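Chains as they are written, first to last, in numbering that gives the first Met the number 0: chain A, 0 to 771; chain B, 0 to 155.
Keep in mind the hints are simulated off the structure, nothing from the lab.
All values derive from a computational prediction rather than experimental measurement.
A few of these clues could be false.
Claimed, not checked - Partner residues aside, some chain A positions facing chain B, computed with beta carbon under 8 Å:
#	residue
1	Y243
2	R278
3	T294
4	K296
5	Q656
Ideal Cβ positions, reconstructed from N, Cα and C, are used throughout, including at glycine.
Take a look at the letters that make up each chain.
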Amino acid sequence: MTRYVGRRVARLDARDKVTGRAVFGSDVSLPGMLHGAVLRSPHPHARIVAIDITAARSAPGVAAVVTGRDFPYTFGSAIKDQPFLAIDRVRYVGEPVVAVAAATEAQAQEALAALHIDYEELPAVLEMEDALDPEAPLVHPDLEHYERGSHEIVPGTNINTIYRYARGDVEEGFAAADLVVEHTFTAHAVSHAALETHVAVARYEPAADGYTLWVSTDRPFQVRNELTTALGIPSNRVRLIVGYVGGSFGGKNTLIAETAAVALARHTGGRPVRVELSREEDLIASQLRVPAILTLKTGVREDGLLLARSADILWDSGAYTSNTVGVAIRGAQTVFGPYRIPHLRLLSQQVYTNRAITGSYRGYGTTQVTWACESQMDVIAERLGMDPLGLRLKNGYVEGDPYLNGQIMHGIDLEATLQRAAAEIGWGEPAPDPPEPHLRRGKGLAAMIKPTATPTSSNVVVKVEQDGQVAVLCAAPEIGGGQDTVLAQMAADVIGVPLDAVAISTTDTAVSPFNGPVASSRTTYHVGNAIKQAGEEVRDGVLDLASGVLGVDVARLDLDEGVISEHGVGPRITLAELLGSFGFEGHSIMAEARFTTAGSPLLKAEPGMEWMSSIFWMLATHAVELEVDIETGVVRLIKVAAAHDVGRAINPTTCEQQIEGGVIMGLSNALFEDLAVREGRAGVTGFLDYKLATMHDLPEIVPIIVESDHSEAPFGAKGIGEPAAAATAPAIANAIADALGVRITDLPLSAEKILFALEGDPPETTDRSSMI
Amino acid sequence: MISLTLTVNGADRELVVGANATLLEVLREDLLLTGAKEGCGEGECGACVVLVDGRAVPSCLMLAADLAGRPVETIEGIASDGVLDAMQEAFVEAGAFQCGYCTPATILVAEALLRAHPRPGVDEAKDALDGVLCRCGAQPKVLRAIASLMYGEGGA
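Using the sequences and the hints given, assemble the complete structure.
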């Protein structure tokens with residue numbers, strides 16, 4: 000029995016957040032703190048000829064002016080390719096070149112204006128297709144000499160990642176097919192646009208020759224390691240402290256505001272330096288979703304059975320790789336969708352360009368590949384005269400199916416997500432006639448699949464204080480997903496204490512136990528399992544202690560809601576009384592646990608292929624009903640039903656929050672967001688021109704929680720969050736195709752493109768739009 | 000620099016501020032009321048909204064020097080003696096927030112809405128709330144929180 004798991008308890012962070020008391024990274028203020036600002040490159044690609052800092056150095060209030068030569072370090076988790084501040088060369092518009100620290104923000108900005116930099120512009124790679132040209136300029140001529148992981152690159156080119164996968168024989172599959180379709184889809188770059196921009200406060204600690212940083216990040220240990228590796232210092236010289244994070248969505252996971260903050264802090268004699276990106280900087284010079292061009296060729300039998308798919312994907316990392324390499328490998332694999340297809344071939348290449356850095360974005364490549372896969376599924380259904388739902392049900396993974404590497408899929412229910420999302424919008428029933436003759440109605444759906452990073456581990460410490468309060472020490476920053484709450488719910492149930500007796504610690508890498516990132520929807524499962532292990536040990540410790548104190552066989556004792564009871568007798572003593580009885584001597588019960596997914600029998604796969612396994616799989620279907628105005632091309636969403644297989648909902652409200660938020664992000668990406676990049680320069684400077692969906696843009700959203708049965712999950716819970724945005728865009732495009740009979744293959748789905756598609760002309764203002 | 004008396008959450012505060020200091024800067028840096036956030040500094044995102052004369056305004060666009068004698072309410076003044084007000088309770092119950100960065104502004108907009116229209120329609124609520132961006136996508140539960148406050152559990 001569970002008291003808290005499965006219930007809609009109020010979030011632990013609710014009170015802090017509704018009273019304005021929550022302290023975010025942007026709220027950190029320290030005595031003597033200086034304000035940093037960054038001069039950025041105005042050119043996509045240029046040589047830095049000279050930097051004159053003389054006037055800036057003597058400007059009022061200025062404490063430090065730092066160039067790349069003054070702080071000549073580079074970083075990068077997959078490829079060490081990115082300088083803290085540009086060294087000799089700039090590679091994108093917005094690249095940090097000089098950092099200034101001053102007493103006030105205004106003084107820092109004035110000092111920037113006093114800087115003089117001479118550039119010599121260089122030929123640039125402005126489009127990802129051009130990066131493959133053998134004559135293209137090289138964004139990183141030294142690529143092959145950079146430190147990097149084990150993934151493949153192509154030396155002497157702009158290709159920083161190349162990944163191939165094949166299974167069966169696609170040519171044989173195409174030959175056996177009754178229908179072969181081939182399309183090219185494009186997914187655009189979008190901004191994470193967290194309302195809290197990237198922010199860091201850094202302080203140099205002269206005694207330790209290290210740094211303390213107050214940052215907003217979703218992966219404290221990984222960012223710390225990135226920094227210590229870059230600087231070539233031991234991990235204990237850098238301490239990261241993380242409070243509430245004002246949204247991340249995969250964006251706050253590397254050194255962004257941190258680069259200038261650290262470089263400046265090294266030169267201010269121990270005075271802390273705060274760097275907060277403006278909204279414009281955040282939009283053009285933090286990181287973006289990796290844009291992609293995806294060509295899919297799929298062979299299918301007349302009855303709808305999928306036989307073969309080849310996928311050729313080109314990804315644009317921008318000027319530096321950040322966390323994109325995994326997107327181009329792990330993310331690319333899911334281009335085959337949640338379907339059994341016997342013959343497969345994938346070529347995934349990622350190139351450098353002289354454009355803004357891209358990185359991980361909610362879904363880690365899934366939003367891009369799902370866009371292509373699910374758009375094409377509807378074209379196939381149309382060509383075969385099949386129901387799009389039926390086509391997906393016919394080919395969709397079911398429990399026990401082998402994944403691409405032979406892993407047996409476990410704890411999944413794709414079918415329920417398909418059926419329930421479709422039913423919610425009245426699938427198969429004709430849409431009611433639109434109220435005006437210039438309006439057209441349509442319905443569409445899309446499914447998706449996503450793995451979680453595997454194997455990864457989480458450590459926790461659980462301690463019961465003398466008054467019966469429980470502290471869970473872990474490094475899982477509350478980035479908005481409600482993870483504090485679901486972790487506390489599990490801890491309360493495992494140990495047997497009231498929920499309000501449980502506190503989840505904030506993160507400080509100097510004292511917090513290790514954890515993998517709050518990413519890949521892994522927190523509930525991994526930290527939850529670690530809490531389960533440590534919590535059970537703590538509970539056993541409490542009962543053992545009570546057994547001795549009470550003189551009762553431990554098997555006769557139970558701990559529930561902080562009260563120890565004896566079977567057949569009733570309540571005997573509270574946890575607080577038990578531990579409090581030790582008085583000044585003190586008695587705290589503590590346990591630590593490490594949970595790792597490595598070695599789980601669930602990961603078994605074909606020899607050498609286990610790295611492609613996922614400890615759990617996330618499946619979802621989004622179904623959309625909409626209306627299009629054929630005179631303006633404007634889409635009005637009527638309803639989105641989003642069904643997600645979450646394993647088990649620890650807290651249905653937080654699951655719904657993720658699903659609703661994912662749908663809104665997905666529809667916002669699909670319909671509104673456009674950085675309008677021309678010649679390597681973004682055409683937006685703020686939220687006036689980079690439009691996010693607001694209240695008036697939102698349809699009725701129906702979150703549907705599908706529960707499945709995963710044997711190793713804590714209380715059966717898998718993950719939700721990352722998958723929630725992926726299926727919305729193709730479901731919208733499929734509904735537009737249903738309404739109008741035209742298909743847009745190029746994101747975003749702007750009114751302009753729809754109008755042009757209706758008129759049969761290619762839009763003049765986009766490069767790659769094509770219609771089928 | 001300008002000397003002025005700013006009335007914040009019912010208390011008069013004597014301040015010396017720069018002539019070009021925004022209300023947001025004064026609240027956050029001089030009065031250490033950090034509930035109002037800067038999301039853009041250009042009046043586009045709404046994260047800095049506070050109430051002036053009972054109306055929701057972006058504090059990043061208001062000069063503090065213009066506000067002498069006009070009542071300013073921030074999120075910190077909404078709960079009294081640690082007791083949440085009904086709107087805050089409704090947000091907690093409905094789960095009408097995620098990362099929480101825009102939550103103070105959203106609550107203040109909702110407070111102003113209900114003071115002006117005790118029973119607003121959904122469109123009125125959407126009109127009022129359209130000016131606060133929320134990247135987490137808490138909007139559906141924000142509407143539910145407001146509806147539950149007006150019409151009881153589950154809303155209208």
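Exercise. Can A/R278 be said to touch chain B, with a Cβ gap under 8 Å?
Worked result: Because about 4 Å separates A/R278 from the closest Cβ in chain B, which is inside the 8 Å limit, the hint holds.
For this session: Answer holds if the nearest beta-carbon of chain B is closer than 8 Å to that of A/K296; otherwise answer violated.
Result: Interface hint status for A/K296: violated (35 Å vs cutoff 8 Å).
Exercise. Against chain B, is A/Y243 within 8 Å by beta-carbon distance?
Worked result: Since chain B brings a Cβ to about 7 Å from A/Y243, closer than 8 Å, the hint holds.
Exercise. Against chain B, is A/Q656 within 8 Å by beta-carbon distance?
Worked result: With a closest approach of 5 Å, the A/Q656 hint holds.
Problem set entry | Interface hint compliance - A/T294 to chain B, C-beta minimum distance less than 8 Å | Interface hint status for A/T294: violated (31 Å vs cutoff 8 Å).
The structure does not agree with the numbered hints 3, 4 stated previously, though it agrees with the rest.
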